[in-house]
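Visitor: Okay, here's what each chain looks like letter by letter:
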Amino acid sequence: MSPLLEARGLTRRYRDLTALDDVSLQLGAGQRVAVVGESGSGKSTLARLLLALDTPDAGTVALDGHPVHPGSARSLRWFRRRVQTVPQDPGRSFNPRMRVGQAVAEPLACLQVHGDHSARVAELLVAVGLEPDAAQRWPHEFSGGQRQRLAIARALAPRPDVLVADEPVSALDVVVRLQVVELLAQLSAAEGLALVVVSHDLGVVQHLCERVLVLDGGRVVEHGPVPQVLGTPAHPVTARLLDAVPTLAAVAP
Amino acid sequence: MLRVHDLSVALPGAGSAAPSGRRLVDGVSFDVSAGERVGVVGASGAGKSQLVAALLGLTAPGLEVGGSVRVEGAEVVGAGPAVWRPLRGSATALVAQDPGTALDPLSRVGRQVALPLRARGVTRREAGRRTEALLAEVGMPGTARRFPSQLSGGQRQRVALALALVGAPRLLVADEPTSALDPTVQAGVLDLLDRVTGPGRAALLLVTHDLAVAARLCSRLLVLDAGRLVADGPVAEVLADPLLADVVAASRALAVTR
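Protein chains in written order, with this note's numbering: chain A, 1 to 253; chain B, 1001 to 1258.
Since the hints were made in silico from the structure, they are not lab data. Computed from a predicted structure; not experimentally measured. Glycine included, every Cβ here is placed at the ideal spot set by N, Cα and C. Check each hint, because a few of them may be wrong.
Stated by the list, open to error - From chain A, some residues computed to sit far from chain B (all C-beta separations above 12 Å): (1) Glu-6; (2) Asp-22; (3) Thr-60; (4) His-66; (5) Arg-97; (6) His-117; (7) Ala-119; (8) Trp-138; (9) Gly-144; (10) His-200; (11) Gln-206.
Stated by the list, open to error - Using C-beta positions, here's what the derived DEER-type ranges look like: (12) A:Gly-9 / B:Gly-1153: 27 to 33 Å; (13) B:Ser-1044 / A:Val-126: 20 to 26 Å; (14) A:Gly-144 / B:Thr-1101: 15 to 21 Å; (15) B:Asp-1006 / A:Arg-92: 33 to 39 Å; (16) B:Leu-1063 / A:Glu-182: 33 to 39 Å; (17) A:Glu-182 / B:Arg-1085: 47 to 53 Å; (18) A:Val-113 / B:Asp-1006: 53 to 59 Å.
To be verified - Covered, in the sense of this in silico footprint (three residues per stretch, anywhere, with C-beta under 8 Å from a C-beta of chain A), are these stretches of chain B: (19) 1038–1052; (20) 1085–1098; (21) 1104–1110; (22) 1242–1249.
Kindly produce the complete structure, drawing on both the sequences and the hints.
Guide: Below you can see the structure in the form of structure tokens.
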């Protein structure tokens, strides 16, 4: 049986820079994989390729064994119904002139999902911890954390099997960050949603994911279960990422 | 060095009788002594950035600033350019959150760092020498001929810091200087701030939502909540304050354990 989402030998070059070099990844239903690395290591390039937003120079992405290529909205409809994304910046990912309910329902309309869209929106708003009447309000009326919840609600609207999230919580302050991380963990557990979380925050990775892939210079330098990779890092980049995070431990027990 | 008394920043029309929700900064008082390193923490929307803007005379037009801010004795609330000119850059300097917008994209890095020196009548050769030395100090030697677009985010933040340090300020105000940076780059910038501020060097007012970052550099913490100063004291004491319990708990929950 083929894995839910599979990337094989993905390579992406920009002129003489190889942003991503022969990266493979397999994701089964309900699995949660993190992609970590320093700036410029290829994290976001990988996320874009997994979402069929960009064409690799080599390699393939397949969903349930069916290859996917960037193309027209119509040709990707089947893929977008099942693979959705949560963007990094909750401030800029909403049309300021579209009411929140319409924004959250937009994937349902675009992807021609059948059913009662407004009922689904109300259900989603509740699922991410907002009031159903939020649908009537405008994006600017919400805080950053609330907007990130809305972005998650929008991504979940078509009931995807996979969520690819590129730094979904790095713009949020720590209390809200924890809430959103716990929301994603709970949705994944409750609905069998598979997650690919791109993040430089190893604390978030530890909290949310079971497997982690460490990128450096576009190559996978480490890949394994989170406790193993973060517990006994085998590559200097992993160790560097671990050491770089300031902690409160030194100040107060 | 810095004396802040009953400082407020309000939306227009919000007089003393208006609901306090319209005050972005509300009756804040504190002092910073020479060489002291103070962290300003609080959730999004607590008024941290508005506080910084008011301290530095950078409040957006249309907002009303009340109370008193004395920078080395000079009252700066409502002050015009004549008051600020001798202070800006030498008494106070700002490192902004986003290094991308702090730099002029059309001007070479060296020229931007040298500009304040040249404006004070330093010779071209001497300004060039000091610029090179300063860029070396922030870990960016030999980059004077580069444009900001040729630098990474972390490198731009280092240049922005050089730009802030060029006037040898006695108080460095840094508004989320590392929140746009990756952790390894952040660690480098924090080390750098650690080197250039502290007793005998510049004082630091560090605004951040990351308690661990504040604890790494500062000896004292101010906590803002809905525009009010709700705690002020030594780091360990403030972190133990029930006011911060949820933030400390969330920080610990998301901290990496090994």
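Visitor: Does each hint fit the structure? Answer for all of them.
Guide: Each hint tested on the structure:
1. Consistency note on Glu-6 of chain A: stated as away from chain B, and its beta-carbon is indeed over 12 Å from all of that chain's, at 28 Å minimum.
2. The beta carbon of Asp-22 of chain A is kept farther than 12 Å from every beta carbon of chain B, the shortest such distance being approximately 23 Å.
3. No Cβ of chain B approaches the Cβ of Thr-60 of chain A within 12 Å, the least distance being about 29 Å, so the stated non-interface status holds.
4. Every beta carbon of chain B lies more than 12 Å from that of His-66 of chain A, the smallest distance being close to 35 Å; the non-interface claim holds.
5. For Arg-97 of chain A, the condition that its CB be more than 12 Å from all CB atoms of chain B holds, with the nearest at approximately 23 Å.
6. In this structure His-117 of chain A is separated from chain B by more than 12 Å, as the shortest Cβ-Cβ distance comes to about 31 Å.
7. With a minimum CB-CB distance of about 32 Å to chain B, Ala-119 of chain A clears the 12 Å threshold, and the non-interface call stands.
8. Once the 12 Å rule is applied to beta carbons, Trp-138 of chain A is consistent with being away from chain B; the minimum gap is 17 Å.
9. Separation of Gly-144 of chain A from chain B is inadequate, the least Cβ-Cβ distance of about 6 Å not exceeding the 12 Å criterion.
10. Distance check on His-200 of chain A: its Cβ comes as close as 5 Å (rounded) to a Cβ of chain B, failing to clear the 12 Å threshold; non-interface status is violated.
11. The claim that Gln-206 of chain A is not at the interface with chain B is violated, since a C-beta of that chain comes within 12 Å of its own (minimum 6 Å).
12. A beta carbon spacing of about 30 Å between Gly-9 of chain A and Gly-1153 of chain B agrees with the range 27 to 33 Å that was offered as a hint.
13. For the pair Ser-1044 of chain B and Val-126 of chain A, the supplied restraint of 20 to 26 Å holds, since their beta-carbon distance comes to about 23 Å.
14. Range check, Gly-144 of chain A to Thr-1101 of chain B: Cβ separation about 19 Å, and the 15 to 21 Å hint holds.
15. Checked against the given bound of 33 to 39 Å, the beta carbons of Asp-1006 of chain B and Arg-92 of chain A, roughly 37 Å apart, stay inside it.
16. Range check, Leu-1063 of chain B to Glu-182 of chain A: about 36 Å between beta-carbon atoms, so the 33 to 39 Å window is met.
17. Evaluation of the 47 to 53 Å hint for Glu-182 of chain A and Arg-1085 of chain B yields a pass: the beta carbon distance comes to about 51 Å.
18. Separation of Val-113 of chain A from Asp-1006 of chain B is about 56 Å and conforms to the stated range, judged on CB atoms against 53 to 59 Å.
19. For the stretch 1038–1052 of chain B, the stated coverage by chain A holds: 3 residues have a C-beta nearer than 8 Å to a C-beta of that chain, and at least 3 were required.
20. Only when three residues or more bring their CB closer than 8 Å to a CB of chain A does the claim for the stretch 1085–1098 of chain B stand; here the count is 0, and the claim is violated.
21. Only residues whose C-beta sits within less than 8 Å of a C-beta in chain A count toward coverage, and the stretch 1104–1110 of chain B has 0 of them, not enough to reach three; the restraint is violated.
22. Remark: the stretch 1242–1249 of chain B is confirmed as covered by chain A, as 3 of its residues place a Cβ nearer than 8 Å to a Cβ of that chain, reaching the required three.
Violation of the numbered hints given earlier is confined to hints 9, 10, 11, 20, 21; the remaining hints are satisfied by the structure.
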